[in-house]
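Here are the chains, one letter per residue:
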Amino acid sequence: MSVSEDVILKVRDLNAYYGAAHILHGINLELSRGEAAVLIGRNGAGKSTTLKSIMGLVRPAAGEVIFEGDKINGLAPYQIARMGLGYVPEDRRVFATLTVSENLEVGRHERPGMKAEWTPDRLFELFPNLAEMRERTANQMSGGEQQMLAISRTLMGNPSVLLLDEPSEGLAPVIVESMAMALRTLVDTGLSILLCEQNLAFAAAICTRAYVIETGQIRHEGTMNELLDRADLRKAYLAV
Amino acid sequence: MDFAFFILQFLNGLASASSLFIAACGLSIIFGVTRIVNFAHGSFYMLGAYFAVTLAPRLMESINPFLGFWGGILAAAMIVGLLGVLMEMLLLRRIYHVPELFQLLATFGVVLIVQDLVVLIWGPEDILGPRAPGLKGAVNILDQRFPEYELFLVAAGPLILGAIWLLFRKTRFGVLVRAATEDREMTDALGINQKLLFTGVLFLGASLAGLAGALQIPKEPANGFMDINMIAEAFVVTVIGGMGSVPGAFLAALLIGELQAFGILLFAKSTLVLAFLAMAVVLILRPQGLLGKPAVNTEHSEFASSIPLRPWPRWLVLAWLGAIVVFACLPFVVDSFTLKLAIEVMVFALFAMSLNLLIGLGGVISFGHAAWFGVGAYAAGLLAVHSHSPMLLALAAAPLAAGVAAALVGAFIARLSGVYLAMLTLAAAQLIYAIAFQWTGLTGGDDGLVGAWPDAWAKSRVVYFYLTLALAGGAVFALRHIAYAPFGYVLRAGRDGPARAEAIGINVAAARWVAFTIAGMAAGLAGGLYTFSKGSIDPTVLSIPTSVDVLAMTLLGGVHTVLGPVFGAAALHLLQDFAMPITDHWRLILGGGIIAMVLAFPEGLVGKLRSWFMPAEETP
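From first to last, the protein sequence lines stand for chains L and Z. Plus 144 on top of the position in the first sequence (first one is 1) and you've got my numbering. Plus 225 on top of the position in the second sequence (first one is 1) and you've got my numbering.
Everything labelled a hint here was simulated from the structure, so no lab data went into it. Glycine included, every Cβ here is placed at the ideal spot set by N, Cα and C. Take these hints with a grain of salt, some might be off.
Where chain Z lies over chain L, by a calculated footprint (3+ residues, C-beta under 8 Å) [claimed, not checked]:
id : stretch
1  : 222-228
2  : 238-249
3  : 295-309
Calculated from the model, a selection of chain Z residues having no Cβ within reach of chain L, i.e. all distances over 10 Å [stated by the list, open to error]:
id : residue
4  : Leu415
5  : Ile417
6  : Gln419
7  : Leu692
8  : Ala804
Put together the whole structure using the sequences plus the hints.
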């Protein structure tokens, strides 16, 4: 494995079930500090389940999740979140009847000893669209605006790793582009990102490393450029 | 009706709407966040009144009347809030993940325990409270006298609504409560400690219930019936308003309060009928209530099962035949008292089996199944006592009457699911209870009907034993047959995946309606048999405790077993029969037992046995 010196998140031999259905068959992956990696694969490959297992929302049957050197599987999701793992779910799941400000308030958590503290004002610099709708309720926002709100809400917890579940899904291409720029900015400030995606171009704009997942197993691991170069991989695991 | 009278009646409606809202909104808040329908909300209300009548007079004497009275009211609310915290930490925390019916049952266990504790602490007598200092008089409104305290209540409801609004908009706690009401798991993933949040919500909800109870003391004495009387109305209000919506509860309370104020002029006694009709109308137009959101998780019932129904192995068939033969020999070996017990066990076995058709096969949670048992019992009793009809005719009328009643109510509620359905069945049962209780001319009211004895040919207990064995036993096996018949498959499909069942052409609501009617008929037959075994009936056969008994029997036997409820009925009925004469605190024991059962084995007795003797195929 081409491991860089400072691993912030490590997943070892993760197995998960939904009832009797075996979803994850021994997932292994690593994320270095300050790195953006993508977990890429088709629908139903196990991307979302991997993120939910890391977050404690799905209880893995076997395997380990190690964050900043500590084993975190078995902890409650809120404890994992407070340690610095930020999760942005599929379908955004913003609180529809709460305003933008209130949504951000739910995510607010100061982590002791952290320097870069996110505030609503700093987030509005990152996503200027949101600044104009502080008092608007989330159910009156477009899909793209809701996605920005979902990411901002998670950032309010001052995470050091961001787990993003298909943020580009269902968004207009121009929004996807600005989303990619915002996420790139976040990586530049030192945030680590584990992204789940099907959209290769979007992933390539943000990530430098790629894990290819299919039927609950990691099939390939390498640099983003390698995946872009190898048509055989893309044909086997990504083409629909 | 002249104008002044109209205004006064309207003000009366507003005052009762305020009381109703304060009592019900805590229930709605607790449900919104925890998704638990807290039966014990009525107990909180009752405890609020008891604490207030204890504290207020003492404080009024030792401090001063004004501060003492209001200090006593607030202290009562705070104490009840802390009791809510205690209940959350000791009980609710352990049952957030069990099916909602078990949650309802467990909180009903708390109701039973509190009822006995209240008698132990405060005694069985009603306790009069002090009147509110400064609000003892009446004001003149359009030349009519209107009590000042009622006027205060008119203002109290909107004030509480405003306070909750501020709390929910302006504080972090309030924002978190609203967020968790929408998507609890997401707040967890965002770093919100669920336990602390739930504890806080229970404090808020319980103290509101306590406040509502405490505010009643100038109007009515603290008494042991406040809990059940209030909870049925609070259910109606939260269902009409939309579960989890505080403004919805306020609107619904206004609707019910005014309906009752003016309805009393039309139907002097049965104002509950109007409340129920209002609820039926609202739910037909908006199944999620006035301001509620459609239920998110309707994809499958909490009682969905992955256990396949398998035909019985030969040894089990033989064992059953053997058991029936042994049972049929009972009259030759036991005394008359034991035979009476055996008859009752058969009656309750049929009753529990009929409920399990709904819960186990249909995934339909009925919390008012006593209604159909009671309608059958009253139908048979009325025919026997008032028109002296032959027993067999009365016994035939019992399932018919219950079936018709169940079909009527079922037509309203078969479209619903989950807790809405459970609360509606309970409200329907309370409505029928109210009719039996209040229509004294026909039903004898509280005293019930006396003298419904079997005809001469069946006077002997042995003959009645065999008659019950034939009818109840036959009905039990007919119900068992349904589980394996195509209709049973349809019901189970609707239980495990309503959307998928609809997609392959099954009318799930219609199937549930038919099941509701059949279950009503079977319960009605059980009720009819019960009447002639006792010779008399009274409204308790229709009451909530009877519904809870049969639920406990069904669950004790195991809902995913075909004949488990038969054993549950036998076990629980025998237990009650032995325990009740030797203790004054059987509600304490029953309540504790129900809670223990929910915590220990949610799969039931027979479910447990089956997993030992007939292990399912290994799932990883």
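Here is what the structure says about each hint:
no., hint, result
1, 222-228, "holds (count 3)"
2, 238-249, "holds (count 7)"
3, 295-309, "holds (count 3)"
4, Leu415, "violated (5 Å)"
5, Ile417, "violated (6 Å)"
6, Gln419, "violated (7 Å)"
7, Leu692, "holds (47 Å)"
8, Ala804, "holds (40 Å)"
When the structure is compared with the earlier hints, violations turn up for hints 4, 5 and 6 and for no others.
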